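A.B. asks: As given, the protein sequences belong to chains C and L, one line each in that order. Sequential numbering of the first sequence, starting at 1, is according to my numbering. Sequential numbering of the second sequence, starting at 1, is according to my numbering.
Simulated from the structure, these hints should not be mistaken for lab results. As the structure is a prediction and not an experimental result, all values here were calculated from the model. Certain hints may be false.
[To be verified] Computed list of lysine-lysine pairs in DSS-like fashion (alpha-carbon distance at most 30 Å, straight line):
no., chain 1, residue 1, chain 2, residue 2
1, C, Lys-181, L, Lys-399
2, L, Lys-536, L, Lys-437
3, L, Lys-109, C, Lys-363
4, C, Lys-181, C, Lys-363
5, L, Lys-491, L, Lys-437
6, L, Lys-181, C, Lys-490
7, C, Lys-241, C, Lys-490
8, L, Lys-491, C, Lys-437
9, C, Lys-462, L, Lys-399
10, C, Lys-437, L, Lys-363
11, L, Lys-462, C, Lys-399
12, C, Lys-241, L, Lys-181
13, L, Lys-243, C, Lys-181
14, L, Lys-437, C, Lys-526
15, C, Lys-181, C, Lys-109
16, L, Lys-181, C, Lys-332
[Claimed, not checked] Computed, partial: chain C to chain L, Cβ under 7 Å:
no., residue
17, His-26
18, Trp-322
19, Thr-382
20, Ala-445
21, Pro-454
22, Trp-459
In this text, a Cβ means the ideal position worked out from N, Cα and C, and glycines have one as well.
There are 2 protein chains.
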Amino acid sequence: MATVQLFRLLWFVALKPCVSTLSLEHPLDPLSPKEINRIRSQKKMPSSNGYHQAGGPSLPWWSFEVVQRHMRSLWIYWSWLPPPLTFEELFQASLLTQQYPQFIDSILKRGLNISEVSCLPLPVGWFGEVVMRRQVKITCFYRNGTINIYVRPINGITVALDLELMNVAYYAGRFSSPMPKVEGTEYHDTPVKSGPTFPNTTSSKLSIQGNVIEWGIWKFHLGFNPRAGVIISTASICDEKEKRYRRVLYRGHVSETLVPCMDPTTDWYFRTLWIRVNLVLEKPQIAFSPSLIVQPTPSLSMPGLLPRAICLFERYSGDVAWRHTEIGVPGKVIRRGEPEVSLVARMIATVGNYDYILDWDFKQSGSSTVKPSSIRTQLGLTGVLEMKATPYTSMNQAKEDIYGTFVAENTVAVNHDHYVTYYLDLDVDGEANSFMKSTLETRRATIFPHPPSPRRSYWTAKNKVLEREADARIRLGSEPAELSVVNINKKTNVGNPVGYRLVTVQPAYSLLSGDDPPQIRVAYTKYQVCVTAYNKSERWAGGFYADRSHGDDGLAVWTRSYWMKALQ
Amino acid sequence: MATVQLFRLLWFVALKPCVSTLSLEHPLDPLSPKEINRIRSQKKMPSSNGYHQAGGPSLPWWSFEVVQRHMRSLWIYWSWLPPPLTFEELFQASLLTQQYPQFIDSILKRGLNISEVSCLPLPVGWFGEVVMRRQVKITCFYRNGTINIYVRPINGITVALDLELMNVAYYAGRFSSPMPKVEGTEYHDTPVKSGPTFPNTTSSKLSIQGNVIEWGIWKFHLGFNPRAGVIISTASICDEKEKRYRRVLYRGHVSETLVPCMDPTTDWYFRTLWIRVNLVLEKPQIAFSPSLIVQPTPSLSMPGLLPRAICLFERYSGDVAWRHTEIGVPGKVIRRGEPEVSLVARMIATVGNYDYILDWDFKQSGSSTVKPSSIRTQLGLTGVLEMKATPYTSMNQAKEDIYGTFVAENTVAVNHDHYVTYYLDLDVDGEANSFMKSTLETRRATIFPHPPSPRRSYWTAKNKVLEREADARIRLGSEPAELSVVNINKKTNVGNPVGYRLVTVQPAYSLLSGDDPPQIRVAYTKYQVCVTAYNKSERWAGGFYADRSHGDDGLAVWTRSYWMKALQ
Numbered sequence: 001m002a003t004v005q006l007f008r009l010l011w012f013v014a015l016k017p018c019v020s021t022l023s024l025e026h027p028l029d030p031l032s033p034k035e036i037n038r039i040r041s042q043k044k045m046p047s048s049n050g051y052h053q054a055g056g057p058s059l060p061w062w063s064f065e066v067v068q069r070h071m072r073s074l075w076i077y078w079s080w081l082p083p084p085l086t087f088e089e090l091f092q093a094s095l096l097t098q099q100y101p102q103f104i105d106s107i108l109k110r111g112l113n114i115s116e117v118s119c120l121p122l123p124v125g126w127f128g129e130v131v132m133r134r135q136v137k138i139t140c141f142y143r144n145g146t147i148n149i150y151v152r153p154i155n156g157i158t159v160a161l162d163l164e165l166m167n168v169a170y171y172a173g174r175f176s177s178p179m180p181k182v183e184g185t186e187y188h189d190t191p192v193k194s195g196p197t198f199p200n201t202t203s204s205k206l207s208i209q210g211n212v213i214e215w216g217i218w219k220f221h222l223g224f225n226p227r228a229g230v231i232i233s234t235a236s237i238c239d240e241k242e243k244r245y246r247r248v249l250y251r252g253h254v255s256e257t258l259v260p261c262m263d264p265t266t267d268w269y270f271r272t273l274w275i276r277v278n279l280v281l282e283k284p285q286i287a288f289s290p291s292l293i294v295q296p297t298p299s300l301s302m303p304g305l306l307p308r309a310i311c312l313f314e315r316y317s318g319d320v321a322w323r324h325t326e327i328g329v330p331g332k333v334i335r336r337g338e339p340e341v342s343l344v345a346r347m348i349a350t351v352g353n354y355d356y357i358l359d360w361d362f363k364q365s366g367s368s369t370v371k372p373s374s375i376r377t378q379l380g381l382t383g384v385l386e387m388k389a390t391p392y393t394s395m396n397q398a399k400e401d402i403y404g405t406f407v408a409e410n411t412v413a414v415n416h417d418h419y420v421t422y423y424l425d426l427d428v429d430g431e432a433n434s435f436m437k438s439t440l441e442t443r444r445a446t447i448f449p450h451p452p453s454p455r456r457s458y459w460t461a462k463n464k465v466l467e468r469e470a471d472a473r474i475r476l477g478s479e480p481a482e483l484s485v486v487n488i489n490k491k492t493n494v495g496n497p498v499g500y501r502l503v504t505v506q507p508a509y510s511l512l513s514g515d516d517p518p519q520i521r522v523a524y525t526k527y528q529v530c531v532t533a534y535n536k537s538e539r540w541a542g543g544f545y546a547d548r549s550h551g552d553d554g555l556a557v558w559t560r561s562y563w564m565k566a567l568q
Numbered sequence: 001m002a003t004v005q006l007f008r009l010l011w012f013v014a015l016k017p018c019v020s021t022l023s024l025e026h027p028l029d030p031l032s033p034k035e036i037n038r039i040r041s042q043k044k045m046p047s048s049n050g051y052h053q054a055g056g057p058s059l060p061w062w063s064f065e066v067v068q069r070h071m072r073s074l075w076i077y078w079s080w081l082p083p084p085l086t087f088e089e090l091f092q093a094s095l096l097t098q099q100y101p102q103f104i105d106s107i108l109k110r111g112l113n114i115s116e117v118s119c120l121p122l123p124v125g126w127f128g129e130v131v132m133r134r135q136v137k138i139t140c141f142y143r144n145g146t147i148n149i150y151v152r153p154i155n156g157i158t159v160a161l162d163l164e165l166m167n168v169a170y171y172a173g174r175f176s177s178p179m180p181k182v183e184g185t186e187y188h189d190t191p192v193k194s195g196p197t198f199p200n201t202t203s204s205k206l207s208i209q210g211n212v213i214e215w216g217i218w219k220f221h222l223g224f225n226p227r228a229g230v231i232i233s234t235a236s237i238c239d240e241k242e243k244r245y246r247r248v249l250y251r252g253h254v255s256e257t258l259v260p261c262m263d264p265t266t267d268w269y270f271r272t273l274w275i276r277v278n279l280v281l282e283k284p285q286i287a288f289s290p291s292l293i294v295q296p297t298p299s300l301s302m303p304g305l306l307p308r309a310i311c312l313f314e315r316y317s318g319d320v321a322w323r324h325t326e327i328g329v330p331g332k333v334i335r336r337g338e339p340e341v342s343l344v345a346r347m348i349a350t351v352g353n354y355d356y357i358l359d360w361d362f363k364q365s366g367s368s369t370v371k372p373s374s375i376r377t378q379l380g381l382t383g384v385l386e387m388k389a390t391p392y393t394s395m396n397q398a399k400e401d402i403y404g405t406f407v408a409e410n411t412v413a414v415n416h417d418h419y420v421t422y423y424l425d426l427d428v429d430g431e432a433n434s435f436m437k438s439t440l441e442t443r444r445a446t447i448f449p450h451p452p453s454p455r456r457s458y459w460t461a462k463n464k465v466l467e468r469e470a471d472a473r474i475r476l477g478s479e480p481a482e483l484s485v486v487n488i489n490k491k492t493n494v495g496n497p498v499g500y501r502l503v504t505v506q507p508a509y510s511l512l513s514g515d516d517p518p519q520i521r522v523a524y525t526k527y528q529v530c531v532t533a534y535n536k537s538e539r540w541a542g543g544f545y546a547d548r549s550h551g552d553d554g555l556a557v558w559t560r561s562y563w564m565k566a567l568q
């Protein structure tokens, strides 16, 4: 079906220069509930009590997670490693803890009401074990009649659950601190504030055909995967002159999210949380009013549609896209400009106390000659702090390291990092892309003999296409440099390679020592940018089984020594 | 006059807890045109031909720039250094060039029409001269019937003008490159696009009494100074519990703006532009629709009101201020949140080809227990590139350093930096503030004897109040650290000092060598954060006479060795 619509740019009202042929089905569409159920029935998924059959790593666990579809064909992987935790298992683990007699006894001894206790199972990571069983550790909180669970952590109880046998593998009730006070850390059960009503101007320039979105010069496929969340594929811009779409991004998504805590004590050392969006996907329409909501999402553990899971809206940031005032033309004051408007695809993942707001922000190009097109990934982190109980009521009493910040009496918010890593497979004007580092180097200016320059120095950009993956691991800020992905085979008419610049903020890098098990698993966090030659299997930065990885898979391994392909 | 109004927070509709006593006159208000004219008549300002009297640095130049009012009393400074350039002088200089016979001759020889030439005078900086005269250098462009001046720079002509004698001090017509092509660098004379119509909800919570703004929990004085532009003073937040305003920022404004070019050749080496907003203030309402415009601004060189020079509007960014979804309370799914709304005070300064958008962004605190209040300075840079003509038509022909990037045939956009430095005098809960650096240090975790931790490392924050100005010069990213301004005498109820964190991006630092004259003048640009003990005269980072400074005034000098005051 050919779509012809009016192009929105005001200064030349014309037929849209790039014409798309679209159908409602697309090879990159997510699996439908029907398709998932068909695979499930064909492959005889073990029932939940199938976990009782045996333990140990020799059992070939079947995991829905590894079902992937590639160009309308189905690929089924079998795995000898524990599959990710399912929502049903976590729910069972939580229930089992609250019914465990010793746990109930501990709660009663503290003078608490067991019906006001909420429990949260956490992945256990890998700390050198040879035999790994599917385990979770349980952390519990006291609601005390409020809706604010995380503010009153119950400390001094260690519960480890075996998910294969579905029983308590280890229990220890140790000490009991006073319950944390809520002062300063409580949120109230107040009504949701309605957001401002954005003007719904999307109808004029937004087109949605199945999962393919067209907006201004941009066209992309909006997909979903239960591990990555939102997936942007085949993002392209319309070249007005050449009247064709030019590819920018083949595929982009969140590759890995982890939150290592900086507390080495018994109940905290293992908290290096890996986040799987399939467990936590949240409807993003709370707290703002999107102009449009699309893309029902199948959940792989419980096939079905989650309505309103991704939203698309036009963002009017109040910023200026481009402007100029000119007083240099005699007798005139000329003012030109336009507001910044972008298209946002948003997903929100709630992970226990935290809420992640994950945006893909497409900046429209008013005129490609004045300001370039861009894609921005924006991460918002909100929710409730991660806290633990402490016997101290204030900072002054604590003599040793408390591993965090006092936020209320008997309450410490524990130090931690958040690492969200994006997978970006750029295809700028084709597949043969290269990674270019432009280092800004100081030069002496005294060498100019005639006329001698009164300046002593200046900087110049030294462009270098990096040829080895090991060189393309970047610690941002360690030297003044600009980073780009370029297509060195495609030149502009003045001889510059076509490319997109990677504009970064200053994200954190890991301060853990290299022999610390969490660091062994995610060694790549010592760098903020890593570039690898394309390899279909290299999508998950922490490895395919990130949480229980031994560090033998993942970005750090892939970038050790290989020469990059896709070079001139 | 006491103001009582309804407080906006929805969860407790109550009388506004902090009551203000306001009058329409405020000691920090800008001078009115009437006041400026009164000073002008009292002090016998030299007329424009007064510049002809004599040359050299011995003449006591009277400068309007140095008129400052401190708490309703007037301070007049006399200066033995050249005062800043005035708009009238620059206009005269431009006119004089275009009437200069040799210049006309050069233009005709190039086959150009003199009536299509626009000229821009530039400050000359300081390059070791012992005797300094008030000079500008002129750079000219060929409009060729368009409105886009900067795209066709005319090269090979050097013109220096003496502003004291108002004559051409030096003229050289040298070589002539082909005129740059416009392809790829041209902007079109298209109508201004109207911005989206933001919902005008300001009436409910914005109060303007003279120059004092109240909005949500924030209250501040909005002033103007022809050197700094917008000045935010006495910004305070309402403490709902204590029913009083608590001071955050005594005064904040842009302290210095400079743009050093990285081209050491004859017509470019001196371009290290200092920007004075009084020459360039621009109406910000172009390209977006503010909900409210206030604060007519007196221009000191031509006393009078510039209407709509600053605008105030509520920004609905589309972001989420705070949200949380809770599924851990049995039988409930609880969703809470609110959209991000902030108040923006915006000024736009157009400086030749560049347009600077300078925002002060006040984030409202929905609830001070959940998310803290904040002030953000945001800088937007737009306009047209700074270009020069080159004999080459493309990158492949250039064998030597071209000091920039090819953007069109015969056109190079010259490498340069933009440094915008802010002066922030914080008064967090009073004047006795300190600068705290919290360094994140890696610790070994093996020392825990019982039970031994499976972790090997963690990081912890080591807080240190810096006592010497020399230590409080920070190169961001050189070590993992958080920066705060705290009041160590005011503690929270759990013993933490009250404070505000400085949340930075990764701004540039200067790559020029220390013996380069522009770097001697602005040595502070080797750091991105400098903290000094309060001194009334230390407001302008590049020194009071930044453009002609010898490096003996300014932030780099003030932070060399002094101990900070305001310590416990």
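A.B. asks: Each of the hints needs a verdict: does it hold here or not?
C.D. replies: Verification of the hints:
1. C:Lys-181 - L:Lys-399: Roughly 70 Å separates the two Cα atoms, so the pair is violated.
2. L:Lys-536 - L:Lys-437: 24 Å, holds
3. L:Lys-109 - C:Lys-363: 45 Å, violated
4. C:Lys-181 - C:Lys-363: 45 Å, violated
5. L:Lys-491 - L:Lys-437: 17 Å, holds
6. L:Lys-181 - C:Lys-490: Since the Cα atoms of Lys-181 (chain L) and Lys-490 (chain C) sit roughly 21 Å apart, the hinted pair holds (cutoff 30 Å).
7. C:Lys-241 - C:Lys-490: This hinted pair holds, its Cα atoms lying about 16 Å apart.
8. L:Lys-491 - C:Lys-437: 47 Å, violated
9. C:Lys-462 - L:Lys-399: 14 Å, holds
10. C:Lys-437 - L:Lys-363: Cα-Cα ~37 Å, so violated.
11. L:Lys-462 - C:Lys-399: 14 Å, holds
12. C:Lys-241 - L:Lys-181: 18 Å, holds
13. L:Lys-243 - C:Lys-181: 23 Å, holds
14. L:Lys-437 - C:Lys-526: 23 Å, holds
15. C:Lys-181 - C:Lys-109: 19 Å, holds
16. L:Lys-181 - C:Lys-332: 24 Å, holds
17. His-26: 27 Å, violated
18. Trp-322: This hint holds: Trp-322 (chain C) lies near chain L, its Cβ roughly 5 Å from the closest one there, short of 7 Å.
19. Thr-382: With Cβ-Cβ at 5 Å, under 7 Å, it holds.
20. Ala-445: Hint holds; Ala-445 (chain C) Cβ to chain L Cβ min 4 Å, cut 7 Å.
21. Pro-454: For Pro-454 (chain C), the interface hint holds, since the closest Cβ of chain L sits about 4 Å away, which is under 7 Å.
22. Trp-459: This hint holds: Trp-459 (chain C) lies near chain L, its Cβ roughly 4 Å from the closest one there, short of 7 Å.
Violated hints, in rising order: 1, 3, 4, 8, 10, 17; the structure is consistent with all others.
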